[in-house]
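Trainee: Here's the letter readout for the chains.
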Amino acid sequence: MTTITRKPESPIAHLTPEDIEQIGVELDAIRQEVIDSRGESDAAYIRRIVDVQRKLELGSRAVLLVSVLPPAWIAGTIGLSIAKILENMEIGHNVMHGQWDWMRDPKIHSTTWEWDNASTADGWKHSHNEVHHTYTNIVGKDNDLGYGIMRVDEDQRWYPMYLGQPLWNFLNACFFEYGIAAYDLELGKNLSVPKEKRSETFKKNARNTLRKIRKQATKDYVVNPGLAIPTGSFLPTLAANFTANLVRNLWSHSVIMCGHFPEGVETFEKASIPENETRGEWYVRQMLGSANISGSKFMHLMTGNLSHQIEHHLFPDLPSNRYAEVAPRVKALFEKYDLNYHEASLPAQVGSAWHKVVRLSLPNGWLATTNRSNAPQQLALLWKMTTGDRKTRRAAQARLDQLARRQGGERTEVAAAA
Amino acid sequence: MTTAAEPFAAPRGRSLRSVLRRVAESAVTPLELDDVLDVFHPLRSGAELRGRIVQVLPETPESATIVLKPGRDWTGHVPGQYVRVGVDVEGVRLWRTYSLTHGPRPDGCVSITVKAIPGGVVSNHLVHSARKGQMLQLAQAEGEFVLPQPLPAKLLLVTGGSGITPVIGMLRNLHSKAVAPETDIVLVHVNATESAAIFRAELRALDASGRIRLVERFDDQHGLLDVAVLAELVPDLDERLSYACGPAGLLDALEEHHAARGLDLTTERFRPVVLAPADGEGGGTVTLTGTAGAGTTLEVDGTTPILDAAEQAGVLMPSGCRMGICMACVLPMREGAVRDLRNGALTVAVPGETGPQGVPIQTCISTAAGACSIDH
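Chain order of the listed sequences is A and B. For the first sequence, my numbering puts the final residue at 1160, and the numbers step up evenly by one. For the second sequence, my numbering puts the final residue at 377, and the numbers step up evenly by one.
In case anyone wonders, no lab produced these hints; they're calculated from the structure. Watch out, some of these pointers could steer you wrong.
Stated by the list, open to error - Label pairs and their calculated CB-CB ranges: (1) E256(B) to S783(A): 41 to 51 Å; (2) T876(A) to P119(B): 42 to 52 Å; (3) G882(A) to Q141(B): 33 to 43 Å; (4) Y901(A) to F41(B): 18 to 28 Å; (5) K1012(A) to V351(B): 35 to 45 Å; (6) V935(A) to V351(B): 32 to 42 Å; (7) Q358(B) to S779(A): 35 to 45 Å; (8) T1020(A) to P119(B): 34 to 44 Å; (9) T876(A) to F41(B): 34 to 44 Å; (10) E1077(A) to A193(B): 55 to 65 Å; (11) E872(A) to D265(B): 54 to 64 Å; (12) L21(B) to M903(A): 48 to 58 Å.
Unchecked claim - Derived BS3-like pairs: lysine-lysine, alpha-carbon spacing no greater than 27 Å straight-line: (13) K133(B) to K797(A); (14) K945(A) to K957(A); (15) K931(A) to K945(A); (16) K849(A) to K133(B); (17) K849(A) to K70(B); (18) K945(A) to K867(A); (19) K849(A) to K957(A); (20) K797(A) to K70(B); (21) K883(A) to K957(A); (22) K931(A) to K957(A).
Unchecked claim - Example chain A residues on the side facing chain B (calculated, C-beta under 10 Å, incomplete): (23) G781; (24) S783; (25) R803; (26) W842; (27) D843; (28) R846; (29) S852; (30) T960; (31) K961; (32) D1059; (33) E1067; (34) R1071.
Owing to the predicted nature of the structure, the values given are computational and were not obtained by experimental measurement. Note that beta-carbon positions come from the ideal geometry of N, C-alpha and C, so glycine has one too.
If we strip away everything but chain A, and leave its shape as in the complex, we get (with noise of 0.2 Å):
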């Protein structure tokens, strides 16, 4: 990924100042259009979602009581898993989002959820529902971008330590709601600085965070399974929930990274971006930043609809049930203005964020340049790069830069000819 503003040839060069404010229109005026019809239907959907949600966690943790007997446990753990995705996605993310407070039903409304998950309700608004959504793929505003521990991008330099990126990423995703709970404290940034000087508002939320991962250890890892201990099924239950949790985190950052970091998703300067940036300019920004998921109405369900996370990030306060229908239209809009809808299966695109995440560990070009043939060599290089000190790191960048040029020259050969 390079900045779309460093890019030889701009997606969007196409575009008049004109075009980019008659998109924002469109948009609006397809915004509206669900806003004027949000009824009855929506209202029941959303509540059938917590009932079936609600009714599968505790049939789930009634089964895991008897844990000790293996189907129970698989049925046990298969359930679990499936509400604690559905609780995260369709219904903690999109109602923190706002998307069901016209209802004015207190008891789904984005100012009281508190979800199933280490980061507390108010930490998630603030990194998500304000930085992420408002800074969408700004590289240096937007945190989402490699969440402070990845290169994401060609031009940050390129250090041995990325090597390991593709670890952490593994790490993070298995434990991906920690993960979050931290990079919503920053806890990075936070923890540099010395204790005494750490602001009051830093430390109360730190408070937060601890007593709601207290809370929800309590529950997974002392509760439930003390109370499965009559049928001897305390660890099989303690098992249980630390499954459920790691399904949940990998799946829910499967889902995450194929939002904004598949190949061809576009990202940002900061510089690019106009001090008062115009609803079309932004809205075009959320159209080349985002990918979607294709799949099945299950799939959709199970991603909490950010499957269709272009439509949600044009309108992340839209009630999710309702991204599907408007697709189509945003669709549309892509292909008259000649943009690139973005959009593959979930193996396509957890396959291509992964890749990126490969690529990005090691110095640009070296993936590309590698082949069977000379693998013996760019391993060598690729060990010198690590090992060397700066001056040697630049000067073996020097000749992979060349050798990514030529067989760039090649590539383009070998089209011609066909």
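Since the structure of chain A is already known, use the hints to place chain B on it.
Mentor: Frame of chain A; chain B shown alone:
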């Protein structure tokens, strides 16, 4: 220096019940136990107060009685009182206030009688679309419009339109007793037309059996009721204790009439009298400063209640009757000025001069009269 004394009287919950509850709470966090129990038994004691519709009885083409089974925590009511009801219409929860139209019933149900107002979202929904089994949100009964105990020897009840609703509750209660009350009751019941009159047959039956004397007046037959003729309709007017409920015009006229004769009158007003603010006096920016409002700023035009403006902006506001009587919507104003939509009265809060808690204002009947900040 004082030490914060631990109260001896209330030992921290050690009972088995409270221990079990705490364990259950920690097993379902971040949900509350009540969220879970609500899935199975929404009317149990300890739940948020709700009522399930058990019957919808049409009264006239434009009115219906809704019989509700209230949750276990319903504490009962006195006839003449009203109840706040939260109804989901087109997915949106809206709160309105209706009089209870029965005395306490042996089946524990309560009833409200609703007249569909033209353009009224909730009233039309309840009259035309409410169905058995539907759940409504409830608040406890409130209101001072109740008969005194012991009852006076002679009573005059004056009602206009749906103003009959608290009065029918009183009458049903009085006449459901094994021993008929001694009180001599006259009911002057005013309606636009005969067909619009709610409880027509029931009231006529009470009249026919001699339990009350019913004086019916219909605008299309008798013309608008001139309160000056009240003394002709009710010759012993001065001996009677008077209660009235109905439209503001009728109540205003009655109040004047009774005051002139030196008589007491208890009234119940359903709708506030909304005054249009004088030109150039209304409107302003309202800033919500608390966590719920989260710094929302609203442009309020001087005719819209702050409550409506905030709700349109997506803020979940405390609300109740929406007519200035229940005080459920009260929030502290830290700074600025608001105008009471009913009477134009100005309320001002000046930092440093007003108390640390600000000035409590009712958001449902207040509009901005300049910039103001409200803690929510």
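Trainee: Does each hint hold? Answer for all of them.
Mentor: Hints, verified against the model:
1. E256(B) to S783(A): 41 to 51 Å: With Cβ atoms ~48 Å apart, the hint holds.
2. T876(A) to P119(B): 42 to 52 Å: holds, 44 Å
3. G882(A) to Q141(B): 33 to 43 Å: Violated: the Cβ-Cβ distance is about 55 Å, outside 33 to 43 Å.
4. Y901(A) to F41(B): 18 to 28 Å: Given a distance of about 57 Å, which is not inside 18 to 28 Å, the answer is violated.
5. K1012(A) to V351(B): 35 to 45 Å: holds, 43 Å
6. V935(A) to V351(B): 32 to 42 Å: holds, 40 Å
7. Q358(B) to S779(A): 35 to 45 Å: holds, 42 Å
8. T1020(A) to P119(B): 34 to 44 Å: holds, 43 Å
9. T876(A) to F41(B): 34 to 44 Å: holds, 41 Å
10. E1077(A) to A193(B): 55 to 65 Å: holds, 59 Å
11. E872(A) to D265(B): 54 to 64 Å: Between E872(A) and D265(B), where Cβ atoms are some 58 Å apart, the hint holds.
12. L21(B) to M903(A): 48 to 58 Å: Holds: the Cβ-Cβ distance is about 51 Å, inside 48 to 58 Å.
13. K133(B) to K797(A): Since the Cα atoms of K133(B) and K797(A) sit roughly 24 Å apart, the hinted pair holds (cutoff 27 Å).
14. K945(A) to K957(A): holds, 18 Å
15. K931(A) to K945(A): holds, 13 Å
16. K849(A) to K133(B): Measuring from Cα to Cα gives roughly 23 Å; hence the hint holds.
17. K849(A) to K70(B): holds, 22 Å
18. K945(A) to K867(A): Roughly 18 Å between the alpha carbons, so the hint for K945(A) and K867(A) holds.
19. K849(A) to K957(A): holds, 20 Å
20. K797(A) to K70(B): Status holds; Cα separation ~25 Å.
21. K883(A) to K957(A): violated, 32 Å
22. K931(A) to K957(A): holds, 26 Å
23. G781: Holds. Min distance 4 Å.
24. S783: Since the shortest Cβ distance to chain B is 8 Å, the answer is holds.
25. R803: holds, 8 Å
26. W842: holds, 9 Å
27. D843: holds, 5 Å
28. R846: At 4 Å from the nearest chain B Cβ, R846(A) passes the 10 Å test, so the hint holds.
29. S852: holds, 8 Å
30. T960: The hint holds - T960(A) has a Cβ within 10 Å of chain B, the shortest such distance being about 5 Å.
31. K961: holds, 5 Å
32. D1059: With a closest approach of 8 Å, the D1059(A) hint holds.
33. E1067: violated, 16 Å
34. R1071: R1071(A) check fails; min Cβ-Cβ to chain B is 22 Å, beyond 10 Å.
The structure shown violates the earlier hints numbered 3, 4, 21, 33, 34.
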